[in-house]
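These are the residues of each chain, in order.
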Amino acid sequence: MKRPALWSVVLVAGLLSGCGSAGSGSSSDAADDKLVVWDWKSGEETAASYIEQAKADFAELHPDVEVEFVAQPFDQYYTLLGTAMQSGKGPDVMLFNGGGQLRDRTDALLPLDDYVAEDRKRLAGWEAFTAEGKVYAAPVTLQGHPIYYNKALYEEAGLDPEQPASTWREFVDDCEAIAEATEASCLSLGNKEGFGIQFFLSGLGPGVLSPQEYDDWIAGDRDWNSPRVRRIFELWKETGTAGMNNEGASSTLLFNDAFALFQSGKAAHIVGLMSDVGHWKDFSEFLDEAEIGVMQAPRAEADAEPVLPYDGGIGYGVAEWTKKPDLAADLVRSLTSKNALSAFYADAGAVVSDTTIDVSGGGQALGAIVSEIETGKPALHVALSSKTLELMGRLSQQILSGSTSVDDALKQLVDSDRKG
Amino acid sequence: MPLRGSPPAAHQAGDGWADGTKAKQRTRTAGFGAHGARVRGGRRAERLAPYVLVAPAVLVIVAFRLIPLLMGVNFSFTGDGERDGQAVGPDNYVELFEDPLFGTALRNVGLLVLLLPVAVAIPGLLATFIYLRVPGHRFYRSVYFFPAVLSPVIVGAIFNLLLAFDGPLNAALGNVGIDPVDWLGDPDVAMFTVVGVHVWATFGMALVVFLAGFSTLDSTLLDAARVDGASLPRVIWHVIIPGLSRTIQFVFVTTMIGMLTSMFGLLYVMTSGGPEGSTYLPEYYIWIQQGQMNRPALASAASTVLFLLMLVVGLAQIGLLRRAGREK
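Protein chains in written order, with the numbering used here: chain A, 333 to 752; chain B, 223 to 550.
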């Protein structure tokens, strides 16, 4: 009887010790000469040469340090990251979307101000990675929401493709002309995930808010009850009631069904992106590059001054728990080096954070976007917390279906935004 | 090999008593003291043996199930974000029950329970037809099972295409003059759509269970009913359903468990909880709070509520099965 008892004790002890060490096999405990990076980009083909360049740049500084990129699926990324943060162990360097996703997690990140001081001028888009005056990640791309339009459909509808609407009235008229002459819808809207309203707010908001109100909004002084903010949501409702959107917008995915609608000429306009996907290069796969136009937000209020809404898109930050903060910060700098970012622009067509890179070969649409970067401002929706954004997604669907009024939606959003 | 210890020791002690001479007796008695200790030790070992043998299983359950469960419950009374790690009392639970989205998720669980009879009746009815040998029953038997081998993600992706607003189903409806329905975009319709797809994807398994039940059905009863001129509905109601009562109960329980625990994949792919949050289930809510909102403590509170809910449903089902067993 003693031996089985002994064996079971050994077995149990083994299981328990296995349990105790379950979380400790993380990268931070690895040898000193290894850094682990988590992201969702490095596995993509278009990012391959970017990662290679960044690694090469880093290897020049620290030839003995091994860098391991772990590409996580984007769907699961923040869930996995949340688990790592909860245990205080995980990668040394990690990729973030700018705005709420980063700001919600700053207590797990190392402030980088001292490390990236030299890069501050060269790179744009820091705002989205800054919280309470401290920088927590270095921007890789710029992400913004230009309004793309299909010049071929404009011609078909008898409109001047070089003169897109500059006021909301004209825009609605153009939409009517397009509806009459073509099969296409005026706007391509994918709001299944609730992203459509975010893009709408940021893409068309600059044509509604006064410059002062816009800046206040970004600075955190948001008056949801102001007539201008209400106007944005009323326009949202109007696009639905006036039939400007594609049908079934609440069951259409923005990524990538709505983009596909625009790409295939079934919609004349879309509030798109600047980098990675849903951007000029993506669209030019099916549309001729010369057919893709970029327009400013049509003015719905006379004193609005439309600007390109953009922020830092994605950026790499350093984990607060890393044992090698200096090395990790150097890696972040390599990941935002000019060579690496040039490669990213060349392969993915991404509008990168480095404003000194020459983009003259990128076609008309890109030219139009880049020329507006200097005067651009942060996008309206990026300033909101992820909780408010999620609520706004649901409410926007309710506004379109008529089950909630604009007033009621704004009331709920005020509450959520104040709590956040 | 491991049982060599105690029984032989008891034997030797017994032999000692049977033997005669004093000298031997003395030595044996001395020997008996040692043997007696071994006997007592052996008895103790025997008494302990069952505990030692179940210990690994118990410890695994305690270490990997109960302790994490208690840690999770404990965690649900702490805060998120700035209040990380601080005790906040029932704040998370208060927030949870004030959140209309969680209310929707719980209501949807209720809806699933209400839809359960439909989800059981469909495979039951189809199995009946197969059992009654409708033309082509062999073909249907294999075809009906086919969706059960597909993963929810694939099923969801297929139905996303079929049910898209500009998809083939609406096109077909249009051909016969019916207005298109936004199957996944209308909050009043979407939950039923997803449940319908879930039933389509999983009824094959229940069908097989029903067919197995039919094989135990006494065919003479059916013949007798037919000879008496009973119509099909009457045969089903008076002969088949009473004969299959245990099978039906079993399918009820397994379908309920399936609906409450394995809808996540479909919801994730087909509606992402939308439109307007109308297709949230507690599981999906937990996932969103933990992963997207960075609120692990709130997610723990929601998990605890879901656990209690499942406990109630589970106990009710066990009670139901016990009662059914007694009746038998």
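If you're looking for bench data, these hints aren't it; they were derived computationally from the structure.
In this text the structure is predicted, and so the values were computed from the model without any measurement.
There could be a bad hint or two in this list.
With beta-carbon atoms standing in for the labels, derived distance ranges [claimed, not checked]:
1) D365(A) / A538(B): 24 to 30 angstroms
2) P402(B) / G695(A): 36 to 42 angstroms
3) T415(A) / A343(B): 55 to 61 angstroms
Negatives, chain B to chain A, calculated, CB over 10 angstroms [to be verified]:
4) L385
5) T438
6) W509
For glycine and all other residues, C-beta sits at the position ideal for the given N, C-alpha and C.
Results of checking the hints against the structure:
no.	hint	in the structure
1	D365(A) / A538(B): 24 to 30 angstroms	58 angstroms, violated
2	P402(B) / G695(A): 36 to 42 angstroms	37 angstroms, holds
3	T415(A) / A343(B): 55 to 61 angstroms	41 angstroms, violated
4	L385	8 angstroms, violated
5	T438	42 angstroms, holds
6	W509	7 angstroms, violated
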